[in-house]
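Chemist: Read the sequence shown against full-length UniProt numbering and you will find it ends at 1091, with the numbers running on by one and no gaps.
Simulated from the structure, these hints should not be mistaken for lab results. Beta carbons: idealized from backbone N, C-alpha and C, even for Gly. Possibly wrong hints are sitting among the right ones.
The calculated DMTMM-like cross-link candidates involving lysine to aspartate or glutamate, where the alpha carbons are at most 20 Å apart (straight line), are [said to hold, decoys possible]:
{"no.": "1", "residue 1": "LYS1050", "residue 2": "GLU779"}
{"no.": "2", "residue 1": "LYS795", "residue 2": "ASP585"}
{"no.": "3", "residue 1": "LYS834", "residue 2": "GLU779"}
{"no.": "4", "residue 1": "LYS1050", "residue 2": "ASP826"}
{"no.": "5", "residue 1": "LYS953", "residue 2": "ASP1011"}
{"no.": "6", "residue 1": "LYS953", "residue 2": "ASP927"}
{"no.": "7", "residue 1": "LYS930", "residue 2": "GLU895"}
{"no.": "8", "residue 1": "LYS953", "residue 2": "GLU895"}
{"no.": "9", "residue 1": "LYS518", "residue 2": "ASP585"}
{"no.": "10", "residue 1": "LYS424", "residue 2": "ASP466"}
{"no.": "11", "residue 1": "LYS1050", "residue 2": "ASP927"}
{"no.": "12", "residue 1": "LYS646", "residue 2": "GLU135"}
{"no.": "13", "residue 1": "LYS965", "residue 2": "ASP550"}
{"no.": "14", "residue 1": "LYS407", "residue 2": "ASP585"}
{"no.": "15", "residue 1": "LYS418", "residue 2": "GLU461"}
{"no.": "16", "residue 1": "LYS787", "residue 2": "ASP826"}
{"no.": "17", "residue 1": "LYS953", "residue 2": "ASP1060"}
{"no.": "18", "residue 1": "LYS953", "residue 2": "GLU779"}
{"no.": "19", "residue 1": "LYS1015", "residue 2": "ASP1040"}
{"no.": "20", "residue 1": "LYS917", "residue 2": "ASP1017"}
{"no.": "21", "residue 1": "LYS440", "residue 2": "GLU779"}
{"no.": "22", "residue 1": "LYS288", "residue 2": "GLU200"}
{"no.": "23", "residue 1": "LYS953", "residue 2": "GLU1022"}
{"no.": "24", "residue 1": "LYS250", "residue 2": "ASP280"}
{"no.": "25", "residue 1": "LYS917", "residue 2": "ASP890"}
{"no.": "26", "residue 1": "LYS883", "residue 2": "GLU779"}
{"no.": "27", "residue 1": "LYS440", "residue 2": "ASP921"}
{"no.": "28", "residue 1": "LYS621", "residue 2": "GLU528"}
{"no.": "29", "residue 1": "LYS803", "residue 2": "ASP749"}
{"no.": "30", "residue 1": "LYS985", "residue 2": "ASP1017"}
{"no.": "31", "residue 1": "LYS186", "residue 2": "GLU200"}
{"no.": "32", "residue 1": "LYS985", "residue 2": "ASP1066"}
{"no.": "33", "residue 1": "LYS917", "residue 2": "ASP826"}
Pair ranges (Cβ atoms, derived) [said to hold, decoys possible]:
{"no.": "34", "residue 1": "HIS786", "residue 2": "GLY947", "range": "53 to 61 Å"}
{"no.": "35", "residue 1": "LYS646", "residue 2": "TYR224", "range": "48 to 56 Å"}
{"no.": "36", "residue 1": "ARG552", "residue 2": "ASP603", "range": "42 to 50 Å"}
{"no.": "37", "residue 1": "GLU780", "residue 2": "ILE891", "range": "25 to 33 Å"}
{"no.": "38", "residue 1": "ARG618", "residue 2": "ASN1033", "range": "27 to 35 Å"}
{"no.": "39", "residue 1": "ASN742", "residue 2": "GLY661", "range": "23 to 31 Å"}
{"no.": "40", "residue 1": "GLY967", "residue 2": "ASN698", "range": "52 to 60 Å"}
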Amino acid sequence: MANLFNDDFVKAFDFMGINDLDDNDDRKNINNRQFRDIFKPRNSDKRSLSLPDTANTFNKAVFPYSYASESQNTTSSTHNRTFSYPFVNTVKPKQTDARSILNNPSLDNPLNTTNVFIQGLSPLTTPEDLQRAVEQYGMTSSARVIMQPNKKTCKGYGFVQFINTYEAQRAIIALNCKGINAAFAKQESFTARLRRLEDEGSTNLYLSNLPLDMDDGKLSVLFYPANIQSLRVLKNENGESRGVGFVRVKDRQTASYFIDKLHGITLSGSSLPLQVRFADSQSQKDFKKLATRNKPSLKTSTSLSDMSASLENGAVESAFNIGSLDQFQLQIPPLKHSHSYESFTRIPPPLHTSASLEELFTTGNAKVKRKHSFDPFSDELFDFKSFGLYQGNNSQPSISNSNSSAKQATDATKAFVKLEQGLKPQSLQFNTVTLIEPPKQQVLAWLGYEDNAPLITRQAEVILLDGQTQTAWESVVDLPSNISEGKSVKEAHVTKWKCLDKDQQPSLLVEELNQAEKWAKSNPKILEAVKEVGVDPEMLFCDGWCVSIDERFPGRRLQQCLMFARSRPGDSLYAHPLDFVPVFDSHTGELLALDFPPLNAQDGEPAPPSSAKDNAERPRKFRFPPPSTNQNYLPEQIKQDDPSFKLREGLKPIHITQPEGVSYNIEGRVLRWQNWSLHVGFNYRDGLVLNNVTYDDNGTIRPLFYRLSIAEMVVPYGITKFPGHRKHAFDTGEYGIGTLSNSLSLGCDCLGSISYMDADFVKRSGESKTTKSAVCIHEEDAGILHKHTDFRDLKVHVARNRKLIISNICTVANYEYGFYWSFGLDGNIELEVKLTGIVNVTAMGPNEPRNKQIETEVAPRIAAPFHQHLFSLRIDSMIDGQKNQVVQTDIVPDEDVVGGPTNYYGNGFHTEKTIFKNSKDAISDYDATKARTWTIENPNKEHYSSGNQVGYKIMCNNMSTMFAKKGSMLYNRAPFARHGIHVTKYQDNTLYPSGMYVNQCEGGEQFALSDWIAKGDNVQNEDIVTWLTFGANHVVRPEDWPIMPVESVKVHLKPSNFFDRNPALDVPSVKDSKSRLAEEAEATQDCCNNK
């Protein structure tokens, strides 16, 4: 039997107590009493289940070098064949020894499915009955029974879908041993087979439910402006349309775009939704003919397993088994997603905006005075064209192919290196390729804010690594322009080229971090180290981390590895941290050090070593295995540790719908919604970048912010034991947080009517890779916008607020960060960062004392050190123009004493304002005792009534700064985290407060933000940048384990004297017709209620 001892079988038998599976050993049987215990119901209400010894199971699975396996000599027995409803027909129970169970053909699973076929059911069986009976032996997701043609009684068999193969295997074994015929489904459905036969290179589309008056000309209009290769509407013998047609377009992306766009809409003249999919390939046509010839009445929704069990003449088997297909030489590719035979819902799919699709089409240009598109300096790597929106002229921009500029940049770099005669890399590994933002003044001129716009040069920055020479390289490539006003570049070519200094290390990106685990699993010293504490090397895992700074290895590109083990496949590895930390040369894979952190000091002992030198002189005297208790967060894993675990019930669905569609509009990367307009950018380092944020104030376009982004973040840990000082991760600069973006899931990460944007990056090979749906755009109800009840006549006015949210979620090893930009109807902007994931932990030794001042023992022998999450929000403001300044406002009590002439009753308080005048003095911290806020003002414009300068106020209750001491490694490397706010004069190329190359950078006083501050530039009535530090101080709770509930921190940007009055007075007061009383909702669930 194939794959006899895969991970799922080992898990199943470990859980059941059948250990040491040996293909040559027939002695392992299970006695009658033990067998009943193993296969008794998992969630029975009549008996309590004893929990399995998870520690012992872990030891046997993970510590084979320390723990001897126990052999079992038990006798086989036959079980009572009686079985209760819904099972009425049973067979002879299968043998219960390990060999017989494993050689049971019912466990053969060639399709790797979790679908199980079950026979012997009562005619009265319902899907609910079947699922209820079977879920005692494994966790299920659904069940169905096959009905007689009269649809009233069960045919005697059905199918159950389990949550994974482990649960399915366990149930099959249990049912077979009780005389119930159960086996994995052995054949695919008709629809699945069709999907596998699809031609993935096809660009031919099939359309049905077309209006009967549709001809070729009207059909071409439907697909405008695509490059149509051919089209035809099928007609009958009378020349009349049959309502179906075919359209062949230039490429697959265009075809997919029109499927998303057109499928499910109802065209004028047709009463049915338009059906659009890829046309059948020749293999699909042959398969359908074969199926029709053997079984003319076959329906596409019928399962092959259903028919093989119900038809005795073998027609279905002969039609659909692999042998009969082979004679037609049909090539069956691996199953992949396609548009051909998906179960399209009647609700139109969410708008999906992808850079590659944006490059396919453009709309006509609107003639307005000022251009509001930010296309010429778009951050996203593959947003490689101007979309032609709101340009002063009517010239259509050229449409380039997806990823073409990335390829141009990498090809130009390769060609340059090949021809370069001087110092050059010997092996090319592309670290990053990203577009360079043009100088701000050029962009503003191009947008129409200034006259005489210069030609903008489109450029890409290419960062390379060379493992052979252990060097890093930086180049600038000029690219052909994507706008009519751009500098003419006929062919991409390198214009700047340099080798980086040894102390300039580019970011450690995903492929390089993943390499660390491969090195760890193959290094003899590490393998020996894990065996010393009884860990199976096959169960070894590691998280690659930047090393911060390690003075022992100057000039080398380093990675440290946080080591973990699993007790079984799927188990949370973070529950089993190991007691050592390797350090690798990231260029060569050489193991440079195995660091063994010291233990907390016992009473009367000296403090543990905090330096590498001290740790080497006072090494830890003994090793210890990782914590053995499983600490899982996945329900299916918890169920294995605790069979009594079940998901909570009673949470009823909440659906968010917009029956008339969304209120925003996306054109290229420009997003417009309720007077707001902004450009949604994305790059490998910052992630989300918002540009050219403007507000339409009654017909006047007012600029607010030129660029908004989280420019850096750092996560310093307070643990001082060596090598704890190395844990202060700069997740933006060291790793490129944009590259760690999740592919967001509709209905899980984002609820409602959703638009998505993809994110594109470059692999080390130079090839492109895409993270689908990296950015989510949607609207949310935001509660009451404003309300008042006139108590005299009880006249009530209430309007509801709404938010437009642009979000992105990134996973940095164990941690998740969700970034949410929100725009309100009242002119407010909010940035919320949601923190979740799994807290970083270390292993405690046996009997090691707790140090409650610096860490929390969240579970036995698992310590979570206290840490901070500090974010640097870069605000490049343009409040009604480029000349801005920052004013600090404190609220303080009046100076006069109680009983004094000016404050007789002592209730007086007032505001004190401080204008920041130069960058040296433009430094401050949050003070809750004074309700401190800051306002970015335009000193050249006053509010018509208040006389105050127009501005936007910065409000944040989550401001925190570093606790590290002045002169420390962290203090030198993270100048932005020293204070809550800094203001500097704008300069091109000052995007990152900890510098361009953060990895292993020592920092200092003449470094990045600290250097810009030290210049003492004027920041009053000047083009300025405001740097705001905010975040969370995480004193870990046990409730944060084994997965952390979301903790959020927020920054608000609120209009202050900017609008004449409440800008949301024009928001209509609308009553939601779908809201209802809870009692009414309950009543509609009554099956006897005809509402």
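Chemist: For each hint, tell me whether it holds in the structure or not.
Modeler: Now for the hints, and whether the structure bears them out:
Using a Cα cut-off of 20 Å, the hinted pair LYS1050 and GLU779 holds, with the two alpha carbons roughly 18 Å apart. Note on LYS795 and ASP585: the hinted pairing is violated, with a Cα-Cα distance of about 73 Å set against a maximum of 20 Å. A C-alpha spacing of about 18 Å is found between LYS834 and GLU779, which places the hinted pair at or below 20 Å, so the restraint holds. Between LYS1050 and ASP826 the CA atoms are separated by roughly 18 Å; this keeps the pair inside 20 Å, and the hint holds.
Only pairs whose Cα atoms come within 20 Å are accepted, and LYS953 paired with ASP1011 is rejected, the gap being roughly 27 Å. Distance restraint check for LYS953 and ASP927: the Cα-Cα separation of roughly 16 Å lies within the 20 Å cut-off, and the hinted pair is therefore satisfied. Restraint check: the Cα-Cα separation between LYS930 and GLU895 comes to about 14 Å, which is no more than 20 Å; the hinted pair holds. Annotation: proposed proximity of LYS953 to GLU895 is violated, straight-line Cα distance about 26 Å (limit 20 Å).
Only pairs whose Cα atoms come within 20 Å are accepted, and LYS518 paired with ASP585 is accepted, the gap being roughly 13 Å. A C-alpha spacing of about 9 Å is found between LYS424 and ASP466, which places the hinted pair at or below 20 Å, so the restraint holds. Distance restraint check for LYS1050 and ASP927: the Cα-Cα separation of roughly 17 Å lies within the 20 Å cut-off, and the hinted pair is therefore satisfied. Simply put, LYS646 and GLU135 have alpha-carbon atoms about 12 Å apart, close enough for the 20 Å limit, and the pair holds.
Using a Cα cut-off of 20 Å, the hinted pair LYS965 and ASP550 holds, with the two alpha carbons roughly 19 Å apart. Taking the CA atoms of LYS407 and ASP585, the gap is near 30 Å; set against the 20 Å cutoff, the hint is violated. With a CA separation close to 18 Å, the supplied pair LYS418 and GLU461 stays within the 20 Å bound. Using a Cα cut-off of 20 Å, the hinted pair LYS787 and ASP826 holds, with the two alpha carbons roughly 14 Å apart.
For the suggested pair LYS953 and ASP1060, the alpha carbons sit about 16 Å apart, so the restraint of at most 20 Å is met. Pair hint LYS953 plus GLU779 does not hold up; C-alpha atoms about 24 Å apart against a cutoff of 20 Å. Restraint check for LYS1015 and ASP1040: the C-alpha separation of about 44 Å exceeds 20 Å, so the hint is violated. As the CA atoms of LYS917 and ASP1017 are separated by approximately 9 Å, the hinted pair is consistent with the 20 Å bound.
Taken as a hint, the LYS440 and GLU779 pair is broken in the structure, with Cα atoms around 31 Å apart against an allowance of 20 Å. Note on LYS288 and GLU200: the hinted pairing holds, with a Cα-Cα distance of about 18 Å set against a maximum of 20 Å. With a C-alpha separation of about 17 Å, the suggested pairing of LYS953 with GLU1022 holds against the 20 Å cut-off. Between LYS250 and ASP280 the CA atoms are separated by roughly 17 Å; this keeps the pair inside 20 Å, and the hint holds.
Annotation: proposed proximity of LYS917 to ASP890 holds, straight-line Cα distance about 17 Å (limit 20 Å). Restraint check for LYS883 and GLU779: the C-alpha separation of about 33 Å exceeds 20 Å, so the hint is violated. With a C-alpha separation of about 25 Å, the suggested pair LYS440 and ASP921 falls outside the 20 Å cut-off, and the hint is violated. Note on LYS621 and GLU528: the hinted pairing holds, with a Cα-Cα distance of about 17 Å set against a maximum of 20 Å.
Taking the CA atoms of LYS803 and ASP749, the gap is about 17 Å. The hint holds against a cut of 20 Å. Of the pairs offered as hints, the one joining LYS985 and ASP1017 holds, with about 6 Å between alpha carbons and a cut-off of 20 Å not exceeded. Distance hint between LYS186 and GLU200 is unfulfilled; the C-alpha atoms sit about 26 Å from each other, more than 20 Å. For the hint pairing LYS985 with ASP1066, the CA-to-CA distance comes to about 38 Å; that exceeds 20 Å, so the pair is violated.
For the hint pairing LYS917 with ASP826, the CA-to-CA distance comes to about 30 Å; that exceeds 20 Å, so the pair is violated. Here the CB-CB span from HIS786 to GLY947 is close to 25 Å, at odds with the stated 53 to 61 Å. As the Cβ distance of LYS646 to TYR224 is approximately 55 Å, the hint placing it in 48 to 56 Å holds. A beta carbon spacing of about 32 Å between ARG552 and ASP603 contradicts the range 42 to 50 Å that was offered as a hint.
Checked against the hint of 25 to 33 Å, the pair GLU780 and ILE891 passes, with Cβ atoms roughly 32 Å apart. For the pair ARG618 and ASN1033, the supplied restraint of 27 to 35 Å holds, since their beta-carbon distance comes to about 31 Å. Between ASN742 and GLY661 the beta carbon distance is about 26 Å. The supplied range of 23 to 31 Å therefore holds. For GLY967 and ASN698, the Cβ-Cβ distance of about 54 Å falls inside the hinted range of 52 to 60 Å, so the restraint holds.
This entry does not satisfy hints 2, 5, 8, 14, 18, 19, 21, 26, 27, 31, 32, 33, 34, 36, going by the numbered hints stated previously.
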